[in-house]
Amino acid sequence: QSALTQPRSVSGSPGQSVTISCTGTSSDVGAYNYVSWYQHHPGKAPKLMIYDVTKWPSGVPDRFSGSKSGNTASLTISGLQAEDEADYYCCSYAGRYTLVFGGGTKLTVL
Amino acid sequence: EVQLLESGGALVQPGGSLRLSCAASGFTFSSFEMNWVRQAPGKGLEWIAYISISGSTINHADSVKGRFIISRDNARDSLYLQMNSLRAEDTAVYYCTKSGSWNYYIDHWGQGTLVTVSS
Numbered sequence: 337q338s339a340l341t342q343p344r345s346v347s348g349s350p351g352q353s354v355t356i357s358c359t360g361t362s363s364d365v366g367a368y369n370y371v372s373w374y375q376h377h378p379g380k381a382p383k384l385m386i387y388d389v390t391k392w393p394s395g396v397p398d399r400f401s402g403s404k405s406g407n408t409a410s411l412t413i414s415g416l417q418a419e420d421e422a423d424y425y426c427c428s429y430a431g432r433y434t435l436v437f438g439g440g441t442k443l444t445v446l
Numbered sequence: 059e060v061q062l063l064e065s066g067g068a069l070v071q072p073g074g075s076l077r078l079s080c081a082a083s084g085f086t087f088s089s090f091e092m093n094w095v096r097q098a099p100g101k102g103l104e105w106i107a108y109i110s111i112s113g114s115t116i117n118h119a120d121s122v123k124g125r126f127i128i129s130r131d132n133a134r135d136s137l138y139l140q141m142n143s144l145r146a147e148d149t150a151v152y153y154c155t156k157s158g159s160w161n162y163y164i165d166h167w168g169q170g171t172l173v174t175v176s177s
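Those sequence lines, one after another, are chains A and B.
The numbers in the numbering used here rise by one with no breaks, and the one at position 20 of the first sequence is 356.
The numbers in the numbering used here rise by one with no breaks, and the one at position 35 of the second sequence is 93.
Please note that the accuracy of each hint is not assured.
If you want a taste of the chain A side facing chain B, the calculated C-beta under 10 Å gives, among others [stated by the list, open to error]: (1) Ile386; (2) Ala430; (3) Tyr433; (4) Thr434.
These are calculated hints, taken from the structure and not from any lab test.
Backbone N, C-alpha and C fix where the C-beta goes; we use that ideal spot for every residue, glycine too.
This is chain B alone, in the form it adopts within the complex (with noise of 0.2 Å):
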């Protein structure tokens, strides 16, 4: 069975770093294409951040792009994104979200977890 579990969401500042993380487990982490999906308070799902099975390209949304990365360790089966610069809009619930065939739709995603930015 596939389970993504997310953690590292928390209380953070405006204008501060945290780092989520994402253990992967019950696939072969490393022969599928992982993304970040994030849900803000009242809103809709939305795409953040893609990473390639080798970790070697990545790519990120207008909204996040210069304060996100998103990386991987496929000897850990781990995903992880980097947030600097947070801001008040990126409240929001954090997915971990594993790819089906050729990143054209997401098949498993975690529980989420949650990012408060706020002084």
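Bound conformation, chain A alone (with noise of 0.2 Å):
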């Protein structure tokens, strides 16, 4: 399986929204409906954003939102505050009990 293709890194002052692309294939992304955000502080345990694409598990602000096109997957983190600076990274499900990360996107928050 190989891993979905996230940028290195994205960027943005307070307040201000950015959106981190997830591309895989026919096979993970654009087969199913189940892709899953995660934000990773490092040393800390990562923390479930988004799921089913668009889904907020309880506790996540609405400012996190999720979108799919294809075989091309977004996370879209409105109005950042400097607690948002981490660690993304997208997953999907690859079908037959397999799950698929993306390599991780580092946000700064400027």
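Mind docking these for me? Both chains are given alone in their own frames, and the hints should help you get the complex.
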């Protein structure tokens, strides 16, 4: 399984919006509406931010939103805050009990 | 509160073996699928193993297939990863993770345990 493709880094100023893309194939992102996104502060456990492309787990602010078109999924963070600075990973179900992650995107809040 | 506590990480020589354990609490362990995910130094997350609720179905990433085996003990609320024929590229933090519905995503992660493969 090949990793999903994410930009290495993105940045934005407080209050702005940023979008992180996640490109897969017709065997993973394009095949299933099961894309999830994780926030990872180094040294801590990753945290689920979005699942099933667009759904929020309890406690996640609606500043975080997800979407998908074809083989590409996206995570948009609006109203950027300093605490949003972290690594973000997308993940897709890829069939037969398999998950595939993206390479990760480092978000810098300027 | 869901808690996943990994243990067993250590420094091991190439070709050696190690068994990771994960103690689960705060949820009905026997009702959820589980996975192991790892992160090598400076790299991204990598899914490496899946196990069904009963343990009858398992799957491993190609990178560890034939060397690692995932298992679980529902009576002990515990998940395991037996790691054999370890290589330098297996050096990573290993996370025990709980699946959300139907294993389409991971909804809880442990803090991770570090495995270092080096002579």
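Each hint tested on the structure:
no. : hint   : verdict
1   : Ile386 : holds, 9 Å
2   : Ala430 : holds, 9 Å
3   : Tyr433 : holds, 4 Å
4   : Thr434 : holds, 6 Å
Checked against the numbered hints given earlier, this structure breaks none of them.
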